[in-house]
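*Asks:* Below are the chains, spelled out letter by letter.
2 protein chains.
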Amino acid sequence: MSVLSEELTLATVKGVRLGAACAGIKQSDRDDIVVIEAAKGSTCAAVFTRNAFCAAPVIVARDHLGHHPRWLLVNSGNANAGTGQRGLDDARRTCRTLGRLTGAAAEQVLPFSTGVIGEYLPVEKIESALPKALSALDEAGWTRAARAIMTTDTRPKGASRTVNLAGVSVTVTGIAKGAGMIHPDMATMLAFIATDAKVEPASLQACLSDAVDGSFNLITVDGDTSTNDACVLFATGGAGNPELSRQSVDFPLLARAVREVCEDLAEAIVRDGEGATKVMRIEVQEARDETEARNVAKTIAHSPLVKTAFFASDPNWGRILAAIGRSGCADLDISGVSIWLGNVLIVENGGRAMSYTEEAGRAVMSENDILIRVVLGRGSAHQRVLTCDLSYDYVRINAEYRT
Amino acid sequence: MSVLSEELTLATVKGVRLGAACAGIKQSDRDDIVVIEAAKGSTCAAVFTRNAFCAAPVIVARDHLGHHPRWLLVNSGNANAGTGQRGLDDARRTCRTLGRLTGAAAEQVLPFSTGVIGEYLPVEKIESALPKALSALDEAGWTRAARAIMTTDTRPKGASRTVNLAGVSVTVTGIAKGAGMIHPDMATMLAFIATDAKVEPASLQACLSDAVDGSFNLITVDGDTSTNDACVLFATGGAGNPELSRQSVDFPLLARAVREVCEDLAEAIVRDGEGATKVMRIEVQEARDETEARNVAKTIAHSPLVKTAFFASDPNWGRILAAIGRSGCADLDISGVSIWLGNVLIVENGGRAMSYTEEAGRAVMSENDILIRVVLGRGSAHQRVLTCDLSYDYVRINAEYRT
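Here the protein sequences line up with chains A and B, keeping their order. Going by the numbering used here, the first residue of the first sequence is number 143, and it counts up by one from there. Going by the numbering used here, the first residue of the second sequence is number 143, and it counts up by one from there.
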C-alpha cells in the first residue's frame, strides 16, 4: 500500500473509530482536531519525546498512559508547548471535556498537540468542535484523520499491514504527521497506530519501542528534536486472536507488521520533509558497533553541506568524507574507508576511487532516491538512516512559518 | 582596528614578510598563492583540524612543525583533501620547491590549502608562480595576502593589536579566511598570525591553544568541521623584548593580545558566513559546567530552525527552547530556565514571560547583531558561541559551489 498516493487507502482496524472536525484553530476551514476511540478492553503503548522542554500534552499523556486509555484527542495548529502551568491545565481540561461527552474518565484520554510553540491552546474552540468530531466517528476515518493532523505536511501519511496469526487475520494501520523539526528521539512527531490483535500490555510496549527504534528514530529532516513527538499503539483485540505476549510463537509476526508500518510512516515523513526534493538512504557498514554506525550516518545526514550538494545533484563526495571525519570515530584509519553512491564506487582507500568519473556520480545524483553506502572497514556492525536534502524551500517554509 | 572595513589596514610585524601571486588555480586572474616568511630565530606554534579525514597539507605541516619552520606556503582554490598518497607527495613537492628557491630545508616549509575537496593539487601551476610571490615579499603584504587566501569569503579578514611589554612595543597581526564548512575543532579554517615578540616555543604553543579555544572553537556557521582547519602563530623576536615564557610577568599581556586578534578574526568569519545576514551571540549562563554551557549554546547555534527564524526576523523563541531541551542537559528543570533576546525577557520559568510582547521581540530581531542569553539556573558556569543565520543564499552558495 503506497504511503505516497494522494488517495491514501488504509485498512480499517476492528475496534478503532476516528472522527475529525474543524475547530478553527488555524482560522481556516480545514479539519484540525481528531478523536480516536479504541474499544473497551484495548491495550495501549506509547513512546514520547525526550526533549526536556516536552509539551504540556506529552506530560499529561504520559501521566494518563497507566489508566487504560480509550481515547486520543489530537489537535494541529498549536503545539501547547512552552506554555507552563496554563498549558498543563488546558490539556487536562480538554481531556475532562472529552471524558464528559463520552462517559470516560479524564485519565482515559491522551491529549496530543502539534503546531506553533509558545501560544496558548484555544480550549473553547476545541471544546466547541468536539461534538462534531464525535458524531463523525467511523472505522473508515483513518484517511480523514491523517489529513486533519497535518501542519507543514504536504500530504497525509498512513500505512497498513495484514498478517495471519494461526488462522486469524490481524491488521495494523497507522497514520503520522511531520515534515520539519524532525529528528525523533525515542518517538516521532505524531504517529497513531492500531491493531485489532489482542496483545498483553508490556509486550505491546516492547513491540512499539522496538519498532520506533528501528524506524522513526533513524530519520532526520533537520536535526531538531521536537517538543511534541509521540507515537501511540492501540491493540483492540477485535480480530479475535488468543492474547499475544512476547513469548507467543506469533508475536514476531505482529512485531514485524508494526515495524513495517512504522518504517513506511517514517519514510513518508522524510519524503515530505520541508522543502525536500530527494530522499537519501545512508547505510554505514563495517562499523565497530551499531552506535558508531548510527553516529556516522547521522553526521552525514545532518550536514548542511552534504544536504545542499544533493539538492544541487552535485556529487561533491568531499563533503561526505569530511562529515565522516568529524563524526567522532575513535582512531579512524581513513585508508580503510570506501563510499558508494548508488552502485558507483566514489571513494576507496580514503581517496577518490580510481574508477570514478564525475559523469557516473552525476547520473546517480540526478535520481530522487539515493543510496549512500559508507564502508568503514573496522567491524561488522551496520545502521541505516533516512534523510532528505536541504533546499531553498526549507529556508522559505521556516522563515515564513509564522507570518 | 575594524575587521570589516573593505580597506583593511593591518600593522606590520618586524621579521615577517608576505608575498602573493596568481597561479591560475581557479582559472581567474586573482591571487591564489601566498608565501609568508618569518625571520631566522622565529618560534612557531600551530593547531590543526581534528577531522579524521584531515587534508594532505595538514599532515605534512604537522610533520614539519618540529623543524623550526620559517616559511608558510598557502594556496586557495584547491584543498588537496581526499587525495591520498598523491596529495601527500604533491604537498611535500611544493615544500621542496619553495625550499630550493629560498635556501630553506623542505621541512622548514608548512603547506596549507583551502578550496574544493577531492581534486589533485595543480603543482606545476603553483611552482611556476612561486618566484613571482617571492619577489612580492613585503612587510606590508598582510592585506594582499588576506585577499589571496579567500574562497567563498566576500571580504578579507585581519586584525592587529599592539601591547607595551616593559617599555617595548610589541605587535600581533593575523589574517584568516573562512565562510562555510565552519565549525572549528581545535583550529579554524586558515588563520596566520604573527608577533614580533620573542617567545619561548612551548609557551607560544600554550598561548595559541588557549586563544584558539576561546575564539575559533566557539564559532559555527554550519556545524561542518573542515578537513583543512589550521591556525599558525609566528613569534619573530623583532621587537627586541627579552624572551617571554609562561612564567613571565608580561606573558598575560601578549596572550590577551593574541586572544583578541583570534576573537576578531573568528567574529569576522561568522560575519562573513555563507549567506549570513545576521550575527547571533549566544550566551549561556548559570550552567553546571563550561561543557554544558557550550553544548547548549552550540545546539542552539546549529539548529536550522533557529537559524531560519533569525533570517526571517521572527522571534520564534519556541525553537530556541526546543533546542535547549534536546541539548542533553541531564535532569534539566525547565522551570528554572529564562531566555533573553537582547534586553527583552522572552522566557521565564520555562514558558513565555508575562511581560513579553511580540512587538518587543520583533524589534530586537530586526537588528543585525543579536544577543541570545540563556540562563539555565543550575550552576555558575557560562560560555559564549557566535553563529549566523541560515538564508536562501547559504543554499545557493553551496548548491552552486562547484558549478
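These are calculated hints, taken from the structure and not from any lab test. Possibly wrong hints are sitting among the right ones.
Pairs count within a copy or across copies, as identical chains cannot be separated in the list.
What the hints assert, rightly or not - In silico SDA-like links for lysine to any residue, alpha-carbon gap of 20 Å or less:
| # | residue 1 | residue 2 |
| --- | --- | --- |
| 1 | K156 | G519 |
| 2 | K168 | V391 |
| 3 | K267 | C164 |
| 4 | K274 | E425 |
| 5 | K182 | E281 |
Only a predicted model underlies this, so the values are computations on that prediction, with no experimental measurement involved.
*Asks:* All hints, please: hold or fail.
*Replies:* Hint check results:
1. K156 <-> G519: neither (49 Å within a copy, 50 Å between copies)
2. K168 <-> V391: neither (48 Å within a copy, 66 Å between copies)
3. K267 <-> C164: within (9 Å within a copy, 68 Å between copies)
4. K274 <-> E425: This pair counts as neither: shortest intra-copy Cα distance 46 Å, inter-copy 48 Å.
5. K182 <-> E281: within (15 Å within a copy, 85 Å between copies)
In this structure, the hints that do not hold are numbers 1, 2 and 4, in rising order.
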